[in-house]
Amino acid sequence: MTRGSRLRSIECLAAWVAVSLSMASVANGQPVERSRDSAAEIPFYVGQTVCSDCHDRRNDTTPCWLDDIPKHDRSYGALAKPKAEHIAMISGIAGDPASSRICLACHATGSDAGARWQTDSFDINDGVQCEACHGPGSLHVERYCENRDTRNADGRVGATSTHMLTGLRTRPVHDRTWIQRGDQTQCATCHWPRSSHHSVLELGYRVPPADRLYKTPVNLAASPDGDWLYVVCEQSESVIVIDRARRRVVDEIAVGHQPSDLGLSPDGKVLYVTNRLSNSLSVIDTGARSVLREIAVRGEPHAVVASKDGKLLYLLSTAENVVSVLDARTLDEVRRLVTGQGPWSAALGPGGDSLYVTNVRPNLGLFQASPVSEITVIDTRTSVVMNRPVVPEANMLQGIALIPGSDVVAFTLMRTKSLVPITRLAQGWTITNGLGLVWPDGRVAQVLLDEPNASFADLMDLAVSPDGRRMLVTSGGSDRVAVVDVGRLLDTVHRASSREREKVLPNHLGMSSRFVVKRVDVGRNPRGVTFSPDGQYAYVANALDDTISVIDPDAADVVDVIDLNGPKTVTELRLGARLFHNAAISFGQQFSCRSCHPDGHVNGLTMDIEADGIGDSPVDNRTLRGILDTAPFKWEGTNPTLSRQCGPRLAVFFTRLTPYTPADLTALVRYISTIPRPPNHHRDPAGLTLSQRRGKIVFERSETRHGRLIPPDQRCVGCHSGAYRTSRTSAGVGTTMWLDGEVDIPLNDLHETGGFGPLGVYYFHDVGIGMRSFDIPHLTNIHNSAPYLHNGSAATLEEIWTRFNLWDEHGVTGDLTRTQFNDLIAYLKAL
Amino acid sequence: MPYKLPFLDHTRPERWCPVGASVCRGAAPAVATWAMAILCANAPTLYANAPRLTVARLVFSQIPVESSGDRASGESLPDGSRIVIYDTSHPEAGVVNLTHGFAAAGRPDLSFDGRRMLFIGKRRSSDRYGVWEMGIAADTASAAAADITRIVDSPWDCRSVNYLSTIYTIDKDRPERLIAFGAKDPDSGQMAIYTMLRKDHSVRRITFTRDGAFDPCVLSDGRLLFACWKPEGTGTSLFTVNTDGTDVSAFATTHEPSAYRAMPCETQDGDVVYVESSNPVHGWDNGGSLVAVSRKRSLHTRRTITPESREGTYHSPSAMGDGRLLVSYRAPASKGQERERTYGIYILSRTSGQRVAAVFDAPEWHDVTPLVVGPRPEPAGRSSVVNVAKGVGRLYGLDAYLFGTERADDTGDRRIAMLRVIGAADGTKAREEVLGEVPVEADGSFFLEVPSHTPLRLQTLDPSGQVLTDMRSWIWVMPKESRGCIGCHEDRELTPPNRLVKALTAAPYRVGLPERRVAAPVPRNPRREGYPK
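Chains as they are written, first to last, in my numbering: chain G, 1 to 831; chain Z, 832 to 1364.
Keep in mind that the hints were calculated from the coordinates and are not lab data. It is possible that part of the hints are untrue.
With a straight-line Cα cutoff of 25 Å, these simulated DSS-like cross-link-like pairs (lysine-lysine) come out [what the hints assert, rightly or not]:
no., chain 1, residue 1, chain 2, residue 2
1, Z, Lys1003, G, Lys634
2, G, Lys308, G, Lys269
3, G, Lys503, Z, Lys1333
4, Z, Lys1127, G, Lys503
5, G, Lys829, G, Lys634
6, Z, Lys1127, G, Lys518
Residues on chain Z that point at chain G, a partial pick, calculated with CB under 7 Å [stated by the list, open to error]:
no., residue
7, Val1216
8, Ala1220
9, Ser1313
10, Gly1315
11, Glu1324
Every value quoted in this text rests on a predicted model; they were computed, and no experiment measured them. Glycine is no exception: its CB is placed at the ideal position from the N, C-alpha and C atoms.
Using the sequences and the hints given, assemble the complete structure.
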């Protein structure tokens, strides 16, 4: 290490220590400067009728150019038009566009803050109003307009103002107009070509009616008496009831938006259905086949399981990382238990005294460390977490079931080689798929279900026969179901030495030949699987052809197919969904798009992609939810469209097969565009909380709390603007590290830890090396897409600034008090 | 979608005897072949319950009986060899020569739609073998009149040819069609496999074994399967390679030095069938018994279809749509026989290993390399990162201590201190040379930048410079390929452990490159090249 760089590193460390000490003093109850967090200091939106009290167009000497554009008045009303619904649907906006914050961001005023921050005089129907550019005006009205003598000599309002500084620095009222200066640069935050609007308004695209009629069965359960089969259908938002003896659909019950899973009460009289997009739980009377109640829950409820006595319900909120314990009678939440990242599915353990929960994303861990996932074990007698056995090198823990007659719980898993460069796919190089076994004492074993030259991709669910002899595992990516001889599986694990269990079984592609009886072809994209109570048949939900495969587990063959009566035509969207979920796109059927983007979201990993230069150049995985209008794509920001992102480059550097045909690519992009963005549980429907509102002010501030002007490109809102909170450009924010391949590194020894920053990574800005620019990501639902930064080095939102922004290059945050910082984080989580 | 072989009528499951069946009904005594006699003579025992032959056309090579040569070295098509088409529904018409005007022709391969045929041939006896293509007309009679064009010309002396699917590189606007051919390298004389883009006829060599590669066959996953001589030169193994020459891997091999494996083909249910001989006679054919492995698990699923015995030898199997094989077979010569028996064409059951139907045999010809004329599934198209302008590739290993499923001792004398890279620049044994020695990290990892298109093998060295392990086979990297290895002779069914290896945290050592820094690598952290995004 050169002397200069060492000194700069020391300076860097000193600055970090200073920030830490500052934070520590706040933590000790002695804030450096207490923020003025009174709600009275925070402006409300008052509406244009109040503005016009003073700013009469005929008399005002500062006419607003907005007055000449009457369309702004009608912008909110446009959201009620049918075209708006089509635009919303193809851009991943769930529900009514008129209540979507993304739509309202440009079609209305003050939507980001929400109704809570609007006075009675505010009318959203007025569309884009004065405060859309000038910001909320209540303080302006209260203080400035009551002191008109402070008006500037030329009579202009707001000529010297910048942003509101509430809570940041107390300044004399007479210095301020208490309102933003509007300028036409703000127009660009809304007025830019959007692919979604262009498709509908210019090209005339309409969502085909069939796309609203598909069923998309994703999970299913048999009634305890064996008479009925209940099938949760994601796209038709319903539960289909099947007469199991006749193998026919007999009823269909409407539930909430995007139902994902179901659970039966022990007596089978009540069926609970989790609705992810509407954040609700439907309670169905199975006798009457009607919905008794639909209660609001939060955090994308993904699965629900009843306790063995039926008195409690365990509701998995995958976006919130909790299990809510509900009183089954009142449906009141009695306890919340923290799980791993993305609780996905659950099963009662031996005797029903425990609940085993899979988590789809690995725990937040050290940067560039192998992922470790968690099985959360809950004591159902006391409703406390009793154990958190870890599953090393695994992610995407999904289906789970107890092996009857044993104390072993089996679950599906994926082993993503996130630290091995993706330079080939053969020999299970990039992703492998398998089973995990967990014992009550927390021991875990793993085996693979892949074969050496044929992967068994995207394991979605598993079920074990009541006699514990057969296990069925669905592979959503290869359209097959593996029939596993449970005895041989356990025998394989038992016979292995501890070293073999740790090193060989989880990584050996030939092992499945010992216990997989057969891999059975079923319908497209099999997901949920369940056995009949007598174990005679198993049923598999084929999501993307609207059928149920009936499998004889002993014969290991499909004996019948139940048609759920979805449309038989294959629309562009449907084709896109099939392509997205099918591993045939990759060499050896090793992975599908879904393998890294479960439910269109992230897998919580960073990967080293060959295109970046092999070595150690990881890039963070990014969500696909609602991204159509967030171009450009890729962390380098070099892909202007999703077609480019998913096109030939994907084939060359990922799938290693021939690229999609143009028609297939169009269909895939159409599907990806429609992957919905779930509601944010950090955001109250009424609007931002006080803390979040303060955080918004920090986010939009233009001066430090010491009064120093913040350059526009170092303000949060300078880059993260508009409805999606991205200016759709690139920026260098001081996060370039030695592992970003194109950087010249003047170090003598990369492994000399003293040469690195606090995280063991090196910062280049202080040795005179230019920063790399990275795409400015959108921030919608950012609370749920850890890790952060282009290479995933920040495990939490907080770490972005406390560990990676020592020089205020990623926005000016060094002056913030802890309260202000927490407010900022609270606001970001609400985006 | 699986397809059914067009000439097998599965709707007639009755007990089958060729005598009186449609295949024989229209056969005029004048054109009744030797095959008919065999069928009739053995029908009660061999062909019970076999499906009826109805409509099918076959193409195959006919080699004059008097010929001799060495098939593996390419001298398998003596003058007079030809390609014929035969309609089983009209046996009276006999075979139709498709290669009139050729001094020798053979090794046909059919396009995936079944309408065109590639083959190797030469117009004059003194010519080198080139690759030719012709159309296969819908009716047999006019087949020979279809267009014939030369696809590959000198300097290559071609020995086999295959249709491939497509390949895509990032600089192209769409995938492009490829063919593969085996030929002698114009410089070294080694047998190697080449690909050629149909669009611009540009040819690339994709195998760089020191000992010669031949008999390519395209697998359904888009890889090429080929035979390669072992270093000892007494037997062959089967390897796979991507159609851009990357990622060469062992497919079917044993440590028996003399085992000879060649002529592979893949069936639609994922088996790979090839000819194996434990004691091959390097005659013109190298026939042997038939062995099958599962493509999914090739190293551990070997099973013999036809036991190697005195019952005769098999040659050039090809897959039929119903799972059975079309094979060439000849019985062993019997005492007192004036001349050797010739290869005829048969249908063979993979499950029983029995020849269930004789299709054609002409006593004066060896009938080999039979193919059913008709559409077949197209293999997967591939994409490629190879960029010939680069001239170098990268080779990294995750853990040189990994052998089988165990990690070897990494202490004391067993510690791997260095890695020696040996190259054979022009593919000949005489020019084998040490390209360089580089340190191996403590975790067993290494990262090299090496010349592309060069046969390479590696040796691990202990701290005193003694060889710990010696790689017997040869590998290579293609330009811009980043070839990764898990260990040294690790269990081929073992996947890489998910850990960040030390060698990959720094730039690669450059070995054997023009600015050669043998045993004196560039500084630890030079400027990385940074591939374009």
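Interface hint for Ala1220 (chain Z), Cβ within 7 Å of any Cβ on chain G: 16 Å, violated
Between the alpha carbons of Lys503 (chain G) and Lys1333 (chain Z), is the straight-line distance 25 Å or under? 19 Å, holds
Chain G contact restraint on Val1216 (chain Z) - CB to CB distance below 7 Å: Holds - the Cβ of Val1216 (chain Z) comes within 7 Å of chain G, reaching about 6 Å at its closest.
Restraint: Gly1315 (chain Z) near chain G, CB-CB cut 7 Å. Satisfied or not? The hint holds - Gly1315 (chain Z) has a Cβ within 7 Å of chain G, the shortest such distance being about 5 Å.
Compare the distance between the alpha carbons of Lys1127 (chain Z) and Lys518 (chain G) with 25 Å, and conclude whether the hinted pair is satisfied. The hint holds at about 14 Å.
For the restraint on Glu1324 (chain Z), tell me whether the closest CB of chain G is nearer than 7 Å. Cβ of Glu1324 (chain Z) sits 4 Å from chain G, so the hint holds.
Could you grab the alpha-carbon distance between Lys829 (chain G) and Lys634 (chain G) and see if it respects the 25 Å cut-off? 22 Å, holds
Below or equal to 25 Å on CA atoms is what counts here, so check Lys1127 (chain Z) against Lys503 (chain G). Roughly 22 Å separates the two Cα atoms, so the pair holds.
Report holds or violated for the interface hint on Ser1313 (chain Z), using the least CB-CB distance to chain G and a cut-off of 7 Å. At 4 Å from the nearest chain G Cβ, Ser1313 (chain Z) passes the 7 Å test, so the hint holds.
Does Lys269 (chain G) lie within 25 Å of Lys308 (chain G) when you go C-alpha to C-alpha? Measuring from Cα to Cα gives roughly 14 Å; hence the hint holds.
Does Lys634 (chain G) sit within 25 Å of Lys1003 (chain Z), going by the straight-line distance between their CA atoms? Between Lys1003 (chain Z) and Lys634 (chain G) the Cα gap is close to 21 Å, so the pair holds against 25 Å.
Consistency with the previously given hints fails for number 8 only.
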